[in-house]
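K.L.:
All chains should be built: construct the whole structure from the sequences, respecting the hints.
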Amino acid sequence: MERKLMKGNEAVGEAAIAAGCRYFFGYPITPQNELPEYMARRLPEVGGTYLQAESEVSAINMVYGAAGAGARVMTSSSSPGISLKQEGLSYLAGAELPCVVVNMMRGGPGLGGIQPAQSDYFQATKGGGHGDYHLLVLAPAYVQELVDLVQEAFDLADKYRNPVMILGDGVLGQMMEPVAITKYIDPRDLPKKEWATTGASGRRPNLINSLYIDPVELAAHNRKLAAKYQRMCREEQRFQEYCLEDAETILVAYGVMARICRSVVDMARHSGLKWGLFRPISLYPFPGDALYDRAKEAGVRRVVTAELSCGQLIEDVRLALDGLVPTELLAYPGGLVPSPAEVFRQAKSERGALNGCSA
Amino acid sequence: MLARVVVNSERCKGCQICCFTCPKNILQLSTETNSKGYNPVYVQFPQKCTGCALCALMCPDVALEVWK
Amino acid sequence: MAVQHEKRVFGYPSSLTDAPFHYCPGCTHGIAHRLVAEAIDDLRLKEHTVGVASVGCSVFTYNYFNCDMQQASHGRAPAVATGIKRVSPETIVFTYQGDGDLASIGTAEIIHAAARGENITVIFINNTNFGMTGGQMAPTTLPGQKTTTTPLGRDVKKAGYPLRVCELLSALDGPAYLARVSLHSPKEVLRAKKAIRKAFETQVAGAGFSLVEVLSTCPTNWGLPPKKALEYLRDEVAKYYPLGEFRDGPREVEACSTR
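Protein chains in written order, with our numbering: chain P, 6 to 364; chain R, 51 to 118; chain S, 12 to 270.
The set of hints was computed from the structure by calculation and includes no laboratory data.
Among these hints, one or two may not hold up.
Computed beta-carbon distance windows for the label pairs [to be verified]:
#, chain 1, residue 1, chain 2, residue 2, range
1, P, 52, S, 22, 36 to 46 Å
2, R, 81, P, 218, 25 to 35 Å
3, P, 164, S, 74, 28 to 38 Å
4, S, 239, P, 232, 51 to 61 Å
5, R, 97, S, 85, 15 to 25 Å
6, S, 170, P, 200, 38 to 48 Å
7, P, 137, S, 30, 21 to 31 Å
8, S, 20, P, 206, 23 to 33 Å
9, R, 79, S, 52, 25 to 35 Å
Where chain P lies over chain S, by a calculated footprint (3+ residues, C-beta under 8 Å) [said to hold, decoys possible]:
#, stretch
10, 84-90
11, 135-148
A virtual CB, placed ideally from N, CA and C, is assigned to each residue, including glycine.
P.N.:
Here it is in structure tokens:
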């Protein structure tokens with residue numbers, strides 16, 4: 006298997022092409038620029054189209070049109086740009102259109118900063134735009150996992166006819182790691198989307214729409230969407246565990262923070278402490294059932310959530326645990342990526358109060 | 051030459067644009083109402099129709115058909 | 012018998028569904044719908060056309076056009092149309108947008124679609140107000156015109172001046188066809204029909220961006236009976252917005268030398 010050293014952002018682009026994506030609508034924002042740049046160079050080589058939109062708003066609406074026309078399509082941005090895409094995401098979810106959206110998070114709120122952050126967790130998992138909807142949100146921690154999840158994201162988007170978000174952070178987008186892409190899909194081999202607007206030749210016209218002016222119809226539409234999200238919750242909870250068998254302290258972290266916490270667990274084990282790591286890979290659906298099961302074990306004393314934000318992930322952790330064991334928060338906002346030693350030191354002191362917004 | 055205008059009374063909203071567009075003044079508002087509650091137009095003087103179709107050209111509801 | 016020789020000289024276009032329009036009595040949206048459908052019929056495009064509905068009174072156009080349709084968010088129809096066209100260059104893509112949608116919230120999308128020379132057709136209905144929401148001021152509201160948010164008439168010192176979309180877009184190299192037409196008389200409706208057909212032909216030829224601005228009435232929100240609304244359209248609106256073709260054929264622009 007050939008492995009190639011690739012930067013996270015560029016690996017996303019190649020993975021998307023491997024998944025049969027031939028359309029990308031971009032807009033520059035740091036720290037994700039390598040992805041649209043890669044697509045601008047690479048897509049014409051495979052007969053695809055890269056188009057730079059006049060805004061993130063326009064880019065996501067081009068995605069809407071392209072998805073409605075039946076294509077595998079992608080856009081990417083970083084936090085402030087993803088805010089601008091929220092209207093479009095709500096419409097995409099409402100009209101049940103599949104697409105993949107990448108958010109390489111930077112610090113917020115407002116213009117924030119350009120350093121890595123995880124402060125768009127709420128926005129990604131709790132809606133972001135208006136209405137009763139969810140994105141399927143996947144949070145890779147390694148460049149290879151990024152590649153695998155991008156490819157899978159296109160399948161999931163088509164399976165559920167729903168936008169899928171890859172929630173990475175500046176670190177993941179910028180770091181280089183060896184990756185292997187084993188499977189390339191020819192978009193012509195993908196199943197035909199009978200609902201797409203391709204011109205009503207020999208069939209009744211198709212409609213891509215999220216307007217249901219009759220409240221009875223809108224209620225039925227929302228119930229249908231809710232059933233879809235429930236199915237995601239049953240079938241798509243993903244996580245990884247590390248040293249949880251006998252753990253007394255469970256660290257919960259995703260993305261790059263989980264990589265740091267893995268080193269923290271090693272440090273703890275080295276000094277005789279029984280710590281383990283629970284890493285959510287799907288953020289929506291949150292793998293709460295598995296977390297509850299692990300935390301139910303007799304030896305578990307506490308669950309410590311570590312995140313590059315001020316207490317967002319911990320809300321899902323608490324909902325999942327439902328008061329089962331005490332929870333603590335280690336919050337690292339604003340683009341400050343802590344060292345494992347720092348996290349270890351703070352996690353050892355009970356209730357990581359150092360960070361000012363702990364439980 | 052015979053010509054005639056056929057009114058789709060269910061589509062007509064009685065805006066009367068056809069009435070004042072018709073050079074022969076042959077269309078008139080009916081006293082009947084359609085299912086939406088509008089008074090549709092009807093052809094009061096069918097024998098005067100020349101089939102010029104200006105009424106249909108200006109009808110905002112595509113409620114008129116013209117035969118010649 | 013005479014009946015055997017009878018011919019239909021004016022009928023219902025097959026590119027319209029049989030759903031009755033929801034528009035107010037006398038609103039000329041319906042004429043514009045018919046003209047678009049007739050162009051699609053005449054050019055035999057129905058089975059290859061995808062329409063994009065916008066937000067405003069024309070939001071329900073997907074109920075009326077008998078072809079594949081997408082419903083776009085407010086102002087974004089040209090971006091949605093771009094996505095469709097880039098995926099299927101062989102389909103004919105048109106948007107149908109009002110002046111609240113296109114000239115207010117959607118100015119960025121329309122200007123950039125035009126600047127890209129995107130090979131789509133835009134039908135732009137200008138009735139000088141936000142009709143669906145109850146007749147508020149639009150960017151196209153005439154100076155002095157009363158709306159629910161300019162109750163004393165549009166004071167340009169406070170509310171600014173109207174946008175002339177065709178003139179604005181004609182400053183760009185991208186458009187291949189730009190025309191402004193009005194629906195206030197049979198003669199003008201025939202001109203509008205010709206312009207709309209030409210816009211679609213421009214797209215079929217692959218020449219680039221085409222837009223027809225259709226001056227249209229809004230009897231309800233103007234507070235005028237249909238006849239008076241047509242007169243207002245002729246005497247006031249079409250005076251502020253001159254009719255005619257603003258671009259007829261694509262421009263050739265030479266690229267600069269690469270570094």
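K.L.:
Does each hint fit the structure? Answer for all of them.
P.N.:
Hint check:
no., hint, verdict
1, P:52 - S:22: 36 to 46 Å, "holds (43 Å)"
2, R:81 - P:218: 25 to 35 Å, "holds (33 Å)"
3, P:164 - S:74: 28 to 38 Å, "holds (30 Å)"
4, S:239 - P:232: 51 to 61 Å, "holds (52 Å)"
5, R:97 - S:85: 15 to 25 Å, "violated (51 Å)"
6, S:170 - P:200: 38 to 48 Å, "holds (44 Å)"
7, P:137 - S:30: 21 to 31 Å, "holds (29 Å)"
8, S:20 - P:206: 23 to 33 Å, "holds (30 Å)"
9, R:79 - S:52: 25 to 35 Å, "holds (30 Å)"
10, 84-90, "holds (count 3)"
11, 135-148, "violated (count 0)"
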